[in-house]
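Could you put the whole structure together from the sequences, leaning on the hints where they help?
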Amino acid sequence: MNVSKSLRRFWRFVALTSVLVLVVAACGGDGGTTTTAGGVTTTSGQSGTTEPGGTDTTAPGGEELGGEVTVYGTWGGAEEEAFRAMVAPFEEATGVEVQYTGTRDINTVLSAGVQSGILPDLAGLPGPGQMAEWAQLGALVDLSTVIDYDTYVEQTSPGFVELGTVDGQLVGVFIKAAVKGLIWYNPNVWTGGDLDSWDDVVAAATAHEGAEAGWCIGLESGAASGWPGTDWIEDFVIRQSGPEVYDAWYQGQHPWTSPEIRAAFEAYGEAVANSYGGSQYAIATNFGDAGQPLFTDPPGCLFHHQASFMAGEFFPNYPQSPQPGEDFDFFIMPTINPDFQGALTGAGDLFGMFNDTPQARALMQWLVSPEAQQIWVDRGGAISGNNQVTEYPDPISQKSAEALARAEVFRFDASDLMPEAMNAAFWQAVLDYTQNPGQLDSILANLDQVQADAYGG
Amino acid sequence: MTEQTMEAMPPDTGDQPAREERSVGTAYLAMIGFPVGAHRWYLGHTTAGILYVVTFVLLALARFAFRERVEADFAPIWTVAVALVVAQLILDAIAIPRWVRRDPEAPLPAPLLILLAVLATIFVLPLLLDALGAVFTAVFGRDRVGRQVAMMVIAILGVPLVLWGYVVMVEHMLRHLTEVWQRRVRPWLWLAPGLFFLYTFLVYPTYGTIRRSLYDRAGDTFVGLENYEWFFNSPNTLIALRNNVLWLVFFTGISVVVGLIVATLFDRVRYENFAKTVVFVPMAISFVAASVVWRFMYVWNPPNANQTGTLNAIIVALGGEPVDFISTRSINNFALIMVACWVWVGFCMVILSAGIKSIDRELLEAARVDGATEWQVFRRIQLPLLAPTIAVVTTTMLIFALKTFDIVYAMTNGNYDTNVIALEMWSQFSFNQYGRASAVAVVLLAAIVPVMAYNIRQFRRQEEVR
Amino acid sequence: MTTEVVGAKRGFRIGRWALHLVIAIILIMWLVPTIGTLINSFRTETAVRFDGWWNALAPPYDFTLESYRHVLTRQGMGDAFINSLIITIPGTIIPIAVASFAAYAFAWMKFPFRNVLFVIVVGLLVVPLQMTFVPLQILFRDAGIAGSFLAVWLAHTGFGLPFALFLLRNYMGSLPSAVFESAAIDGASEMTAFFRLALPMSVPALASLAIFQFLWVWNDLLVALIFLGPNIPNHPMTITLAGLVNSLGGEWHFLTAAAFVQMALPVTVFLLLQRYFASGLLAGAVKG
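Chains as they are written, first to last, in our numbering: chain A, 1 to 457; chain B, 1001 to 1466; chain C, 2001 to 2288.
Wrong hints could be hidden among the right ones.
As the list claims (entries may be wrong) - Covered by chain B, according to a simulated footprint, are these stretches of chain C (three or more residues, beta-carbon under 8 Å):
#1 2109 to 2118
#2 2161 to 2167
#3 2265 to 2272
Bear in mind the hints are in silico, worked out from the structure with no lab data behind them.
The beta-carbon is built from N, C-alpha and C at its ideal position, and this holds for glycine as well.
Structural data, given as C-alpha cells:
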C-alpha cells in the first residue's frame, strides 16, 4: 500500500469514526446504561426497584391491585412487627406487597432523598417541622386528593389535622399517637394513687418510701440519646410557663437562656439527682430498659416519667412480665403553676406520601382507617388519633386514650417541631446537663447559638 | 420532579428486565464491535466493512427505539441486527485464515474474541439472570436480587472489556501515525481513562468543595469566609478539633510504639507468623464491626449489678468501681482511640517488622559481642536504621487520625465530647448544610496538606535514587 | 569465659520465659475482644443482657443460632450481604482494570510531564474523601444515578485509583527492562508487551491490590453512607450494622451476630491470602 492510499483510508476511517461516535453518543449517552445498572430508575422516583407499578390498576379500595409500595419508618423490632401486623390485612385484600424498611436516620435519609429524588412511596416523617420544610419544597403529595378528606377531619382531633397541614394542604396524617408526660408507677409499691399537684409528686419522690430512689431515668438511645430528657423539660416548660411560652420556644423565638427554660432544666436536674443510679445510670441505660427498677425486688424507684408507648412494647417484655393495671399504672404529670392547668404533651407517628402511585394511595387510605389503627391499638400501648377507635385492650391504654381526648391544653412534642439541627443540639444539651449540672449556663448559651441559625435555613 | 417523571413513564409490561439487558448489550456491542469493523474496513474488506456499518446503524436504531419504548419497531430491528452479526461471525470464520496469511501483523483474534465475549454476555445474560433470579428467590424470597447480581456481572465483564477494546481501538488508530507521533500520543491515550477518573472524582470535586464552602446553605449566595467563621467559633466544632489533636498524638503514638514493640518481640520467637497473624487480623475487620466488638468490652452496669462488659468485669473483680468508658468525658476519647489502635497496630507491625528484618543481623551480633546490652543495640543501631520506615508508618497513621469517622460515628455519634472533624462534616451534610460541610472538609484538607507535602518530598527523593 | 556464657544463657532463659509471657498477654489482648463477641453471638438475648460472655463457657450451655437467623432474615443483613458483594466485587475489579493501563504508561512510556503527573497522583493519595462528597453527590443527582450501585462503583474507582496507580506503577517499573527491550526488538507492539509481559509478571501486585481494594470497599462505611444513604434497599452491611449499633431500643444482642456476618468474608479472604496483603503493604509503603 502506498502512502497516499493509506492516508485516504485513514481519513475515511476518521470520518466514519466521528460519525459513529456521535450516533452512539446521541442514542446511548442518556443514562440508558446507568438506569439499568444497580437496578434503580431514579427517574421514576422509586427507590431501589425498577419494577413499575403493577399491571392492572383497578379502582383502589380493596380490589386486586398487585404491585408494591415502599415504606420507610423508624420502627424496628417489636414496633416493626406491630406495623407489619397493621398492614397484613391490606396486603391480603389488595395483593400489594408492602416493603417496609426501618432506619434510625430517617431524617437524613429523607432529606437527602428530597434532594436526590430517591424517595419511598410512603414514609414515617420525623416531625411536623421537617414535614413543613419538605411540603414547601413540593416533595409531599397533597393527601386531600388521596384519602377521604371530610371523613378524616370528622374522625380526627382538630389538633392532629392541623399539625399535618401546611399552607392549607394536608400532607401528613397520624396513624398512631402517644401521650407523653405520664408518671408511671407500680401500684404494689406506690399506693398513694393519682397525685394532682407537682409539689405532692416531689414530696413523694423525695421520701421515696419503699424504693431506693424517687425516679428512674434512662436516656440512652443510640444517636438520639437524650430524648427522654427533652420530654421532661418540655413538660416542665408547658406546666411552669404556659403554652404561649412553649409555642414561642419551639418556634425559635424564645431564648434558651431565659428564666423559664432555665427553670425547666433545673427542675429536670432535681429529678436526676433523685434518680436510681444517679446521672451515670441515666446516661448508660437504654430508655426501654430504664423502667425495670420499678418492678425489681426491692424496687429501685418509685416513679418513671415516660410516654404511653412504654406500656406496649417495653414494660410487658421485662423479665418480671408486669401486667397493665396490676403491676403498672400511671397518672398524668400534674399542674405545677395553677395558671396553666390541664396541660398534656403528646406525639404521633406522622405519615406522608412522596410518590403518588395507586398502591401508595391504597395503603394510605388503609392506614388512616379506624380498622387499621385498631390493629396496632389492640397490641397495647398505642393510641389512635381517630375517634372511631374506641376499643382498647386494657385499662391502661383506655386511660391514655381518654387523657388525649380530654386534654385541655394539648401540645405536640416540642423537639419534634424544631428543626433537626436544633433537635440534635437539644438532645446533646440534655446529656451534657445530666452529666454536668454545674455547666447549665454555658449549655444554654450554646443552645441559643444553635437557635440563632438553625431556624430558617 | 417526581410528578413530571411519573407522567413521562408510560405503563409498562413485565418484559423490562430482558429488554434492558439487550439495551446495555447493544451499547457495549456498539463500542466494542466498532474497532472490529474499522479494522476490516482498513484492511480493504469493503463488503465486510459495509455489512458491519449497517449492523451498527441498526443496533443504534434498536437502542434508540428501546429508549423511546416504541415497542413495535424494536423487535424486528433487533432481530435483523443480530442476524447480521451472526452473518459476520461466519464471514470472519471463513476469512480469518486468509487474513492471517495475508497480513501477519494483524492481531485479529483479539477483536473477534471481544465480540464473541460480548455477544455471549448479551445472550447468555438473560438466561443467567433468570437462573440467578430463581436461585436467589428460593433462598431469600426476593427476585430483585437476581437482577442486581446480573448488573454486577455486566459491570465486571463489561468494564474490562470496554477498556480492552478501547486500547485495541487506540492501537489501531495509532498505527496510521509515524513512529515519532505514536510515541508522543500513545501514553496520553493509555492514561486517558485513569486521568478521567482522577479528574472527575478527585480533582474536580476538590475544587468544587472549596468553591461551595464560600456559599451559603442553599448554594446561591456568596458568603465568603462565613462558614469558616462558624467553624472556628462553634464550641461543638472546636471540640472536634481538639479531639482530632488527641487522635493525632495518641493514636499515632500508641500505634507506632506498640507496633514497634510487638514487631521487635515477635521477631525473636519461632511462632512469629502465627503471632503476627493474630495481631494483624483486626485489619480485615471494618471499623463498624470493631465498634461492636469493643462495645461489649466497654459495657457499663450499675455497681451492684452483674458486670457484662469485659473490662468492667475485670475492674470489679479487682475491687474497683465500674467505669463508663463511653460517657466519661475524661477517658472516652482514649477508649475510642484504643479501638482504632487495636485495628491498626497490625499495620504498623507488619511494616516495621519488614524494616527490622532488613537490618543486617551481623551488625547486631557484632554489637552484642562487643558488649552492648539489648537496649543499647535497640537504641543505637536498630532505631536509627528504622527511622525512614518509622517515618512512613507515622505519616500514614497521622492521615488516618485526621480522617477518623467510623468508630466515633458507630460508638458515640460524637456525643460526650467525642466529636471529630469528619463526623462533624457528616452531621452538617445530613442537615443539608452543604456550605458548612464543605468548609469542614476544606479544614480537613488543610490539616492534611503538610503530610501531603512531606509525602511528596519523600517520594521525589526516592525517585532520584531509582 | 564459659561461666560467663552459661550465666548469660541462664539469664537469657529467664528472659525467654518473660518474653513468651509478654507475647502471650499481647495475643490474649488481641483475641479476647473478638472471641467474646463471637461467643455472645451464639447466646440467647437474656444471657447476653445479664451475663458476661465468659459465663457461657461453663455449664449450663445455652447456645442458639437464633441471633443469626433473626439478623439474616428480619434485620436485613441477608440483603445487605448481597448488596455488599454487589458493591465490592465491581468496586475491586474496575479500579484495577483502569489502573493497570495507566500504571503501565507511567512505568514504561516516556512522555513530558510524566513525573509531575505522578507526583500529583501521590499527592492525591491523601486527599480526604470528604472533599469530594458534596460535588459528587450533586453530579450523580444530575446524571440520574444517585443512590445506584453504579454511583458507588464509580466513586470507589476514583477514590481507589491513586493507591492502585502508586502500587502498580512501582511494581511494573521494577520489572526487568531487559524483557521489554527484547520484546521491542522482536517487534512486539505495546499492547502485546502489556498483555503478554507486564500483566502476567505483575500478578503479585495485582493480587495484593485486589485484596486491599476488596477489604477497603467491603469495610467502607462513609462512601456508602454518602452515596447510597437515602436508598435503603441498596445498603451494604456496614450501614446496616451501624444502624443496629445506633438502635433505638435494646436490640443490641443481635449486634454480635450481625457483626460476624459482616466480618466473616473479609477475615476469611484475609486469612487465606495474607501473604499477598502483607507484600502489597510493604511494596506500597516501604519500597515506594
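Checked hints:
1. 2109 to 2118: holds (count 6)
2. 2161 to 2167: holds (count 3)
3. 2265 to 2272: Result for this restraint: holds, n = 5.
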